[in-house]
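Protein chains: 2
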Amino acid sequence: MSELAQADPVPAGPGFDQGAAYVRGQFVPIEEATVPVLDVGFSRSDVTYDVVAVWEGAFFRLHDHLERFERSCRELRLMLEHDRDGIASILMELVRLTGLRAAYVETLCTRGIDRAGVRDPRTFENQFIAYAIPYVWLLKPGDGDTGMDAVIARTVRRIPSASVDPTVKNFHWGDLTRGLYEAYDRGAHYPILLDYEGNVTEGAGYNVFAFVDGRLLTPSSGALEGITRRTILELAGREGIPAEAAPLPEETFRAATELFATSTAGGVMPIVSLDGQPVGDGGPGPITVRLRELYWQAHEDPRYITPVDYSS
Amino acid sequence: MSELAQADPVPAGPGFDQGAAYVRGQFVPIEEATVPVLDVGFSRSDVTYDVVAVWEGAFFRLHDHLERFERSCRELRLMLEHDRDGIASILMELVRLTGLRAAYVETLCTRGIDRAGVRDPRTFENQFIAYAIPYVWLLKPGDGDTGMDAVIARTVRRIPSASVDPTVKNFHWGDLTRGLYEAYDRGAHYPILLDYEGNVTEGAGYNVFAFVDGRLLTPSSGALEGITRRTILELAGREGIPAEAAPLPEETFRAATELFATSTAGGVMPIVSLDGQPVGDGGPGPITVRLRELYWQAHEDPRYITPVDYSS
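The listed protein sequences derive, respectively, from chains A and B. For the first sequence, this note's numbering assigns the number 1 to the initial residue and increments by one for each residue that follows. For the second sequence, this note's numbering assigns the number 1 to the initial residue and increments by one for each residue that follows.
Note that these hints are calculated values from the structure, not bench results. No experiment lies behind these values; they were computed from the predicted model shown. C-beta: ideal position from N, C-alpha, C; glycine also. Any given hint might turn out to be false.
[Unchecked claim] Quick look at which bits of chain A chain B covers, simulated, 3 or more residues with Cβ under 8 Å:
1. 120-129
2. 156-162
3. 184-196
4. 238-252
5. 266-275
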């Protein structure tokens, strides 16, 4: 499938071969995309974002991503200067500039810079930013059959929802970064964090699913409500696989015969080991493989896709 | 005191009248100080920082701040490219460029930009940044006698230490920003957050102290170990005021006859109302006023200060 996505390459505009960004109202090469050190989007992580993929020259679930992005902004009381069509046009132009047939496209809104001495966050001028870069794989396509080596983090717990709402996409990754270090230090690559009640939440940029006793489960709280996660719940439903969001205790997760992770950056990714022990028979399970097929097939479904116009 | 700090102004270098920054190895006007959108210091809030004040032409407790900054970097496994003397020299030069006699000086270290597709945070090239801007007052000096109107946040709890360590200075302010919105929405300005056990932690950029039953208490966990907080504990000790870091339940805090906040950005700041009710008699209490005097006197103590050389 990655071959197809790279087919018929469209040449990038001058300077845009590494990616393109929209910052302070201008289209610039990705290398020039910066945030002021004094923007509280950096200095207080007061920012939200979303990521939508372009695959085979079309956005996947663009309006679902933009709807979630708008909701995130509302929850944080960030004002977007563009409406949904305006943002969609900017994203189209970004992808067109890069010529990418498979892209990772991010929208952001930062609180902005305080006027000297005025801390009232209601008075800041919020800043919209977007960029498009080559598609990002959390799990390299060549690793698709070996899959993810995951660990349940022992040294850190996921930030609780009553402190930072994980359904509003945010950059509060201190816990996930600690988990990432722990995973690498333990010879693995993919941390999964528990909440303070011992339930599974999510990983460093991915939701998780467990197939246990004939049911497909994904955590109902403490995690991002991912669009890929939503797609998998929909596809499983159509396929007749019982699937639901529910609390997912660590013991239940460990009892699963199949585990996988989902993300816009990679789709459906089998988890083949957990804390060094094989999951199931140590390879991608049949439910996982079937849902991964359906997931990529959905990228040809007109209900889900918005083609990019590459003509200038 | 603010008059003194502004005495004998030194002219700023060209372009540095709003502040100066050190970014990517260069000294630039503060307006040009930026972080790449792709630096995980922004996009994962994978960064630490510290703030030291310059007062009357001298750094206050410079080496204590740099020691804490180095410790924060170690805890996050960030590599500093400069040693302590090297950083001190850069900060001196920044203040010299601005000509400021009273400055807010920040040091930062970000994780940096991942090399395409390599998520291992151990492999990133970490980035040192610093800047100097005019001194920041959390509580305006003219408000020193009226003091802070604080609220205990009802809608949000402080991120727990087992998720993000508050003693490692960080930009995970989502909870504090929610608190700030709540405070403003309730007609006040200064939120104070509780932890999940109902103990007081800290505010949006300040530690808190309560004078209760003849003892001065400040939270022993869930908060930054502020240098101003440390200074106050030391000064109270010398003054014969029983003072200690201890768990501080909400009820104990509410029973205090005096409350104040501390920060490098403003020193000792009386809290004169809590949730709309006066604290004590509704003005700065005698212990608070005495400690504030001692705090500013300490800015003349050669053990604490490092004069800036403004000659070029």
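Verification of the hints:
1. 120-129: Coverage by chain B holds for the stretch 120-129 of chain A (4 residues, Cβ < 8 Å).
2. 156-162: The restraint on the stretch 156-162 of chain A holds, since 6 of its residues have a Cβ under 8 Å from chain B and three suffice.
3. 184-196: holds (count 3)
4. 238-252: violated (count 0)
5. 266-275: With 0 residues close enough to chain B, the hint is violated.
In this structure, the hints that do not hold are numbers 4 and 5, in rising order.
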